[in-house]
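In order, the protein sequence lines correspond to chains A and B. The first sequence: position 36 = 36 (UniProt numbering), numbered continuously. The second sequence: position 190 = 190 (UniProt numbering), numbered continuously.
In case anyone wonders, no lab produced these hints; they're calculated from the structure. None of the values given here were measured: they were computed from a predicted structure. Virtual Cβ for every residue (Gly too), placed ideally from N, Cα, C. Warning: the hint list may mix true and false statements.
As the list claims (entries may be wrong) - Partial list, derived from the structure: chain B residues whose beta carbon lies under 7 Å from chain A: (1) G82; (2) A96; (3) Y151; (4) A154; (5) A158; (6) S190; (7) K194; (8) F195; (9) A197; (10) N199; (11) E348; (12) Y387; (13) Q394.
Stated by the list, open to error - Within a straight-line C-alpha distance of at most 25 Å, the following computed SDA-like cross-link-like pairs (lysine to any residue) qualify: (14) K92(B) - N299(B); (15) K92(B) - K395(A); (16) K60(A) - N186(B); (17) K92(B) - E343(A); (18) K373(A) - E268(A); (19) K184(B) - E343(A); (20) K234(B) - T58(A); (21) K395(A) - N186(B); (22) K92(A) - K92(B); (23) K181(A) - R93(B); (24) K92(B) - G75(A); (25) K184(A) - Q394(B); (26) K134(A) - S29(A); (27) K60(B) - K134(A); (28) K92(B) - M157(A); (29) K184(B) - K181(A); (30) K92(A) - K134(B); (31) K92(B) - A70(A); (32) K395(A) - V182(B); (33) K285(A) - R323(A); (34) K92(A) - A158(B); (35) K395(B) - A70(A); (36) K373(B) - H237(B); (37) K212(B) - G263(B); (38) K212(B) - N299(B); (39) K60(B) - A51(A); (40) K25(A) - M157(A).
Protein chains: 2
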Amino acid sequence: MSQPARVATTSSNLIELECSACGKKYDASQEQHLCTCGKPLLARYDLKRAARTFLLETLKDRPRNLWRYAEVLPGDPPVSLGEGMTPLVHAKRLGASVGLGNLYVKDEGLNPTGSFKARGMSAAVTRARQLGAKALAAPTAGNAGGALAAYAAAAGMAAVIVMPADTPSANVMECQAFGAKVVKLNGLISDCGKFVAENKDREGWYDVSTLKEPYRVEGKKTMGYELWEQFAGKLPHVIFYPTGGGVGLIGMCKAFDELEQMGRVGAERPRMVAVQAEGCAPIVKAWEAHQSSAQFFPNAATIASGLRVPGPLGDQLILSMLRQSRGTAVAVTDNEMLHAGRELASLEGILAAPEGAATVVAAHILAGSGWIKPHETVVLFNTGTGYKYSEAWQKAFEA
Amino acid sequence: MSQPARVATTSSNLIELECSACGKKYDASQEQHLCTCGKPLLARYDLKRAARTFLLETLKDRPRNLWRYAEVLPGDPPVSLGEGMTPLVHAKRLGASVGLGNLYVKDEGLNPTGSFKARGMSAAVTRARQLGAKALAAPTAGNAGGALAAYAAAAGMAAVIVMPADTPSANVMECQAFGAKVVKLNGLISDCGKFVAENKDREGWYDVSTLKEPYRVEGKKTMGYELWEQFAGKLPHVIFYPTGGGVGLIGMCKAFDELEQMGRVGAERPRMVAVQAEGCAPIVKAWEAHQSSAQFFPNAATIASGLRVPGPLGDQLILSMLRQSRGTAVAVTDNEMLHAGRELASLEGILAAPEGAATVVAAHILAGSGWIKPHETVVLFNTGTGYKYSEAWQKAFEA
Numbered sequence: 001m002s003q004p005a006r007v008a009t010t011s012s013n014l015i016e017l018e019c020s021a022c023g024k025k026y027d028a029s030q031e032q033h034l035c036t037c038g039k040p041l042l043a044r045y046d047l048k049r050a051a052r053t054f055l056l057e058t059l060k061d062r063p064r065n066l067w068r069y070a071e072v073l074p075g076d077p078p079v080s081l082g083e084g085m086t087p088l089v090h091a092k093r094l095g096a097s098v099g100l101g102n103l104y105v106k107d108e109g110l111n112p113t114g115s116f117k118a119r120g121m122s123a124a125v126t127r128a129r130q131l132g133a134k135a136l137a138a139p140t141a142g143n144a145g146g147a148l149a150a151y152a153a154a155a156g157m158a159a160v161i162v163m164p165a166d167t168p169s170a171n172v173m174e175c176q177a178f179g180a181k182v183v184k185l186n187g188l189i190s191d192c193g194k195f196v197a198e199n200k201d202r203e204g205w206y207d208v209s210t211l212k213e214p215y216r217v218e219g220k221k222t223m224g225y226e227l228w229e230q231f232a233g234k235l236p237h238v239i240f241y242p243t244g245g246g247v248g249l250i251g252m253c254k255a256f257d258e259l260e261q262m263g264r265v266g267a268e269r270p271r272m273v274a275v276q277a278e279g280c281a282p283i284v285k286a287w288e289a290h291q292s293s294a295q296f297f298p299n300a301a302t303i304a305s306g307l308r309v310p311g312p313l314g315d316q317l318i319l320s321m322l323r324q325s326r327g328t329a330v331a332v333t334d335n336e337m338l339h340a341g342r343e344l345a346s347l348e349g350i351l352a353a354p355e356g357a358a359t360v361v362a363a364h365i366l367a368g369s370g371w372i373k374p375h376e377t378v379v380l381f382n383t384g385t386g387y388k389y390s391e392a393w394q395k396a397f398e399a
Numbered sequence: 001m002s003q004p005a006r007v008a009t010t011s012s013n014l015i016e017l018e019c020s021a022c023g024k025k026y027d028a029s030q031e032q033h034l035c036t037c038g039k040p041l042l043a044r045y046d047l048k049r050a051a052r053t054f055l056l057e058t059l060k061d062r063p064r065n066l067w068r069y070a071e072v073l074p075g076d077p078p079v080s081l082g083e084g085m086t087p088l089v090h091a092k093r094l095g096a097s098v099g100l101g102n103l104y105v106k107d108e109g110l111n112p113t114g115s116f117k118a119r120g121m122s123a124a125v126t127r128a129r130q131l132g133a134k135a136l137a138a139p140t141a142g143n144a145g146g147a148l149a150a151y152a153a154a155a156g157m158a159a160v161i162v163m164p165a166d167t168p169s170a171n172v173m174e175c176q177a178f179g180a181k182v183v184k185l186n187g188l189i190s191d192c193g194k195f196v197a198e199n200k201d202r203e204g205w206y207d208v209s210t211l212k213e214p215y216r217v218e219g220k221k222t223m224g225y226e227l228w229e230q231f232a233g234k235l236p237h238v239i240f241y242p243t244g245g246g247v248g249l250i251g252m253c254k255a256f257d258e259l260e261q262m263g264r265v266g267a268e269r270p271r272m273v274a275v276q277a278e279g280c281a282p283i284v285k286a287w288e289a290h291q292s293s294a295q296f297f298p299n300a301a302t303i304a305s306g307l308r309v310p311g312p313l314g315d316q317l318i319l320s321m322l323r324q325s326r327g328t329a330v331a332v333t334d335n336e337m338l339h340a341g342r343e344l345a346s347l348e349g350i351l352a353a354p355e356g357a358a359t360v361v362a363a364h365i366l367a368g369s370g371w372i373k374p375h376e377t378v379v380l381f382n383t384g385t386g387y388k389y390s391e392a393w394q395k396a397f398e399a
């Protein structure tokens, strides 16, 4: 491959932003948040142009982080800490226990700041800096705060992180370490989101709340591109995704659609399984009631702090993607997560976040019921490292 | 590149083991530990044969973990959790503070189990399984225990981890999670090492103590190969390495020698800087006294648990490599580490282990003194994630 060809591959093909509900278009070269109709905007690319260089073969020369997918990401010099390209581990011993011969764990805990949140924040902070933002603010249920604080630090920007007062201590500590301003509220992430919305104009904050700005989902969609690349151009049959805000699930489905439009996959899609906690399961409740949007889940409580999102903004997108992919939604208890975390650790050497452990429980259920066939290729997403949940695991493993 | 050529690259060229001191040779197809003269054995390869396929260009097709360097690693189906290929972050903001334009952080915290120890254990457990071991035992100052426990779990083998009673709680918890047997002793890693040595024969343990088996250093040397690959075939001018047992430093120097023998680099070498804690600095003391071996360091104490190695077995190798590379050795205080950890986090978004933060202190010292020129390419090794040192950082960041 000649050097000029290689250079050409690194340019973005971003055209515009489009409302995910009403289809209204927005200028991507300006700061944009929600559509006037109140729904999230999604980034649109010239995929015909992108397809010229977006090939398994050309990707081999690219940087070993998510910015390797430059054609289908917003441009600009990336704010990068080496996010993405996480291991896809063939979990043979766990697979034997679950009854699946082709079970894989995508270990997102090996991202900077220890979670998949790094992907979204790398993209969001990159764009925010380019668009002239000075101070970034976001609510968080846990890991997103640390990721925003880290990328803001790397970009030399101020960050304000608003979190529930009972967020795990590792999440508070990391935000302080990265020099962010931490605001603790007695409430849930939904209350924290309101706080950001109410104060951002007066304080001059750029609101990085997930789906309220259009680029975090772009960073997260690279999980889908990576599966395609790591499975050598194929997609798995089933994906289990721990679903709080659900943006990772939305992002992956967007990636698969883009891959199809570029001619890299056909119409086949992985069946998407949204995994939630019994103590906060708005998507599962809506799914079981055959609804197209979710109700606010009252008294949300679970040790899987990332799943404690009682009113996800992307509810309609998530539910529609579960339907379209012939997927499903499953709720599991905290106790089941703790047991499954121990199983995953002792069989595969992966210390997962409780959110990741939840997918193991769900896999047992759906393999046991026959919903998954034993030969199917199945991916469990461990969205974060277990080391940030030391308090929870300590109790579980000493018991 | 044709398919057969690709397959050929994945075979090991391991020939034998050789004593690092007296040169005596040993059969690599048998379980081996120390030489009869008491010194560590090192793996030797047919590097002429390895050189045929070991090229920057052919490496592009390889798995994205350390097993991509198959020609110069022991063979066998690897026990892998996706170790290696960690980010090399250009630390521009920290570089401006230190006065170095080409300052990089190699972030080993993004390895499985959150530290560079994963590299050594992936190689050691792979070999131990192949050689028929049933139960693996090792002393640890902190992160090595978790790494051994994780790889043993992935391999379906038993593990016994012997650690000082005051090892950080995250290290105890992870070993329990991975299903290992944990033995806590009132003492230091040297006492734990004695415990393993005294009990291994009776208990039937395979001793995985660093340098007492020849393959952990093989896994760790891949840090040197990665620098060569990430700098596109060049080596940096200076490497700062937090030195407890010092096996990472020994391994990298071994990698550079192998690269030269394969014709991939010339005689030039990075100047190696061993960074230790004031409270446990046997190498620094020996270096400053121009000695070729180190004395046992009494009353070893530091928050950087990985540096709490009062009598490293590889002392002579480390000191000889510092000399040969025209490097040096620097000791820093715990308080300096904590300050530097905050600087690294707030300028670069990297929450390091105190061991990694120690290299920032040392870089300030040696850039300030003129020992490093402002244009030189300098790499700081962050050997582990800061999330496993929550207790230490929490206090530091709240102060």
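| query | Given the proposed pairing of K92(B) with E343(A), does the C-alpha separation stay at or below 25 Å? | reply | Status violated; Cα separation ~42 Å.
| request: Take a quick look at whether K212(B) and G263(B) sit within 25 Å of each other, Cα to Cα. | output: violated, 30 Å
| message | Holds or violated: K285(A) and R323(A), Cα atoms, limit 25 Å. | response | holds, 14 Å
| Holds or violated: is the Cβ of A154(B) closer than 7 Å to a Cβ in chain A? | Interface hint status for A154(B): holds (4 Å vs cutoff 7 Å).
| said: Does Y151(B) hold up as a contact with chain A if the rule is Cβ-Cβ below 7 Å? | reply: Check passed: Cβ of Y151(B) comes within 6 Å of chain A, closer than 7 Å.
| Any CB of chain A closer than 7 Å to the CB of K194(B)? | violated, 27 Å
| said: With the threshold set at 25 Å, check whether the alpha-carbon distance from K92(B) to K395(A) stays at or below it. | reply: violated, 41 Å
| query | Straight-line Cα separation of K92(B) and G75(A) no greater than 25 Å? | reply | holds, 20 Å
| request: With chain A as the partner, please determine if Y387(B) meets the hint condition of a C-beta pair closer than 7 Å. | output: Given a least distance of 5 Å, the restraint on Y387(B) holds.
| Keeping to a limit of 25 Å between CA atoms, is the pair of K184(B) and E343(A) held or broken? | holds, 24 Å
| message | Between the alpha carbons of K60(B) and A51(A), is the straight-line distance 25 Å or under? | response | With Cα atoms ~21 Å apart, K60(B) and A51(A) stay inside 25 Å; holds.
| field | 25 Å Cα cutoff - pair K373(B), H237(B) | value | holds, 10 Å
Violated hints for the displayed structure, listed by number in ascending order: 2, 5, 6, 7, 8, 9, 10, 14, 15, 16, 17, 22, 27, 29, 35, 37, 40.
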